[in-house]
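Student: Given these sequences and hints, build the entire structure.
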Amino acid sequence: MKSKLKLVPVLALLAVPALAPIAVAGSVENMERERSIMLQAMFDPNMSQQERHKKVDTSKRRLVDLERIVLRDKSLNGRNTPAIKRAFANYDLTFLVHSATEKSLTVTDHWFEQLNLTSKSLMVSTRRRR
Amino acid sequence: MRHSNQLKSVGGTLRGVFIAGLLAATALGGFAASPAHAAVSNDAAWRPTVTERLVKLPSSSLKKALDKDFSRSPLAEALRDAEAEITLKVQTLKDLQHAIDQADGEIKVELKHQFLAEKKEYLMLIQGQHKMRGKHLKTRIRVYQRLLGKLERASAAKTPGHATLVQRQAEARVRLARTSERIDTDLFATSVTSNSKYAREYGKNMAAINALMARIEIHPMKGKLDIAGDAKDKPGFVRRLLVDAEADLQILQQENEIVGLMAKVVALDALGLSEEIAEEQPIDDDLPSADVAAAVDLFIN
Numbered sequence: 001m002k003s004k005l006k007l008v009p010v011l012a013l014l015a016v017p018a019l020a021p022i023a024v025a026g027s028v029e030n031m032e033r034e035r036s037i038m039l040q041a042m043f044d045p046n047m048s049q050q051e052r053h054k055k056v057d058t059s060k061r062r063l064v065d066l067e068r069i070v071l072r073d074k075s076l077n078g079r080n081t082p083a084i085k086r087a088f089a090n091y092d093l094t095f096l097v098h099s100a101t102e103k104s105l106t107v108t109d110h111w112f113e114q115l116n117l118t119s120k121s122l123m124v125s126t127r128r129r130r
Numbered sequence: 001m002r003h004s005n006q007l008k009s010v011g012g013t014l015r016g017v018f019i020a021g022l023l024a025a026t027a028l029g030g031f032a033a034s035p036a037h038a039a040v041s042n043d044a045a046w047r048p049t050v051t052e053r054l055v056k057l058p059s060s061s062l063k064k065a066l067d068k069d070f071s072r073s074p075l076a077e078a079l080r081d082a083e084a085e086i087t088l089k090v091q092t093l094k095d096l097q098h099a100i101d102q103a104d105g106e107i108k109v110e111l112k113h114q115f116l117a118e119k120k121e122y123l124m125l126i127q128g129q130h131k132m133r134g135k136h137l138k139t140r141i142r143v144y145q146r147l148l149g150k151l152e153r154a155s156a157a158k159t160p161g162h163a164t165l166v167q168r169q170a171e172a173r174v175r176l177a178r179t180s181e182r183i184d185t186d187l188f189a190t191s192v193t194s195n196s197k198y199a200r201e202y203g204k205n206m207a208a209i210n211a212l213m214a215r216i217e218i219h220p221m222k223g224k225l226d227i228a229g230d231a232k233d234k235p236g237f238v239r240r241l242l243v244d245a246e247a248d249l250q251i252l253q254q255e256n257e258i259v260g261l262m263a264k265v266v267a268l269d270a271l272g273l274s275e276e277i278a279e280e281q282p283i284d285d286d287l288p289s290a291d292v293a294a295a296v297d298l299f300i301n
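Each protein sequence line maps, in turn, to chains A and B. Numbering of the first sequence is given in my numbering, commencing with residue 1 and proceeding in unit increments. Numbering of the second sequence is given in my numbering, commencing with residue 1 and proceeding in unit increments.
Incorrect hints may have been included.
[Claimed, not checked] Dumping the calculated DSSO-like pairs for lysine-lysine here, alpha-carbon to alpha-carbon at most 27 Å: (1) Lys-150(B) / Lys-74(A); (2) Lys-204(B) / Lys-74(A); (3) Lys-197(B) / Lys-55(A); (4) Lys-103(A) / Lys-63(B); (5) Lys-60(A) / Lys-204(B); (6) Lys-68(B) / Lys-74(A); (7) Lys-56(B) / Lys-60(A); (8) Lys-63(B) / Lys-135(B); (9) Lys-135(B) / Lys-56(B); (10) Lys-234(B) / Lys-120(B); (11) Lys-85(A) / Lys-158(B).
Because the hints were derived from the structure by calculation, they are not lab data.
Tutor: Right under this line is the structure:
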């Protein structure tokens with residue numbers, strides 16, 4: 001009985017790693033996929049305004065969750081892969097929906113701002129022959 | 001006459017005690033030991049190795065593992081033996097002191113002599129124990145230094161790119177925590193749809209996690225497990241252990257000085273007792289001198 005009692009803390013400690021958060025494989029990839037779908041919808045010239053709005057809105061809702069999944073994914077901690085490094089290199093471009101909402105901008109405006117594509121810069125641009 | 005002879009022999013031995021005491025007092029300052037004690041100290045050793053297992057152990061178990069390893073070593077065994085011997089010697093000294101108070105005359109002098117000899121023995125035992133304690137503390141300091149070196153090398157092995165990534169991830173999480181509530185309000189307040197299934201489940205689980213964390217914080221056993229105290233990271237904890245061991249070594253050196261002074265007191269007591277015995281012996285001041293005048297007649301006739 002005494003030896004069983006001694007084992008209890010050991011067994012409890014052994015159970016702790018088993019209860020550790022399970023790594024979500026490819027959370028960054030899932031987010032990147034949804035982001036590229038949203039960007040495609042944002043700039044697709046063959047899409048009507050209404051259709052674009054609907055698609056972007058759906059993607060935005062999905063992206064809120066996907067961005068949070070990536071940010072809360074503990075398995076990504078210190079994982080020095082090119083995809084993860086790129087994802088965390090620029091918060092404003094990777095976590096697009098969060099960053100845009102934080103700055104009270106539409107996702108499109110925020111995207112253009114991040115790429116330094118302002119109305120002014122577009123107006124001063126000239127069309128030239130290569 | 002017998003008494004006088006005995007006193008003379010005690011006086012001679014006391015001079016021996018005085019010289020030995022002086023030698024001990026001089027030697028103790030330099031942490032030297034008698035050959036017998038030196039042999040004990042040299043044989044008993046503790047040779048811990050800084051293994052990968054030790055490096056990977058959590059802070060709370062690290063000190064316990066080292067303490068356990070030490071308690072099984074020959075050095076710890078020798079220290080325990082020395083402690084038991086010192087306790088017995090202290091008892092002998094107390095008994096002798098009590099006996100001196102009650103005795104008088106020749107027996108009192110004899111007991112005083114024995115008391116001084118036992119004091120000398122006690123100091124030699126303390127000296128041997130101090131040498132072993134010093135050995136233990138120096139080994140412990142060396143282990144902590146090696147451990148700290150390994151831990152620091154392990155953290156330095158991370159590339160600057162890795163360190164930047166970890167920093168960016170931490171910053172991103174802080175930014176999310178700061179803005180998530182506002183974002184939820186902005187995105188979902190005006191919308192007909194409520195939060196996603198993920199957000200609802202996540203919120204529910206977070207509430208459960210927070211309740212459990214609060215329970216863990218107030219659990220009475222938590223304080224006993226958290227021996228790291230203010231040093232939350234492992235190198236910090238090892239640095240604290242290192243400082244503690246260094247402080248113990250400093251205290252030991254101070255105790256060593258006290259033992260040196262005690263040895264000087266024993267030597268002076270021995271000198272005092274020797275003088276006391278010498279004073280008790282009758283000294284014949286009238287030196288024999290030949291009366292020349294009385295012998296004049298022999299030369300006249």
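Student: Hints first: check each against the structure and report whether it holds.
Tutor: Quick rundown of the hints versus the structure:
1. A C-alpha spacing of about 26 Å is found between Lys-150(B) and Lys-74(A), which places the hinted pair at or below 27 Å, so the restraint holds.
2. Restraint check for Lys-204(B) and Lys-74(A): satisfied, since their Cα atoms lie roughly 19 Å apart, inside the 27 Å limit.
3. Proposed proximity of Lys-197(B) and Lys-55(A) is supported: the alpha carbons are some 19 Å apart, at most 27 Å.
4. Under the criterion of a C-alpha separation no larger than 27 Å, the hint pairing Lys-103(A) with Lys-63(B) is inconsistent with the structure, at around 50 Å.
5. Restraint check: the Cα-Cα separation between Lys-60(A) and Lys-204(B) comes to about 23 Å, which is no more than 27 Å; the hinted pair holds.
6. Under the criterion of a C-alpha separation no larger than 27 Å, the hint pairing Lys-68(B) with Lys-74(A) is inconsistent with the structure, at around 35 Å.
7. In summary, the hint linking Lys-56(B) to Lys-60(A) is not supported, as the alpha carbons are separated by about 43 Å, beyond the 27 Å threshold.
8. Taken as a hint, the Lys-63(B) and Lys-135(B) pair is honoured in the structure, with Cα atoms around 18 Å apart against an allowance of 27 Å.
9. For the given pair, Lys-135(B) sits about 26 Å from Lys-56(B) by alpha-carbon distance, which is consistent with the 27 Å threshold.
10. Note on Lys-234(B) and Lys-120(B): the hinted pairing is violated, with a Cα-Cα distance of about 45 Å set against a maximum of 27 Å.
11. With a CA separation close to 15 Å, the supplied pair Lys-85(A) and Lys-158(B) stays within the 27 Å bound.
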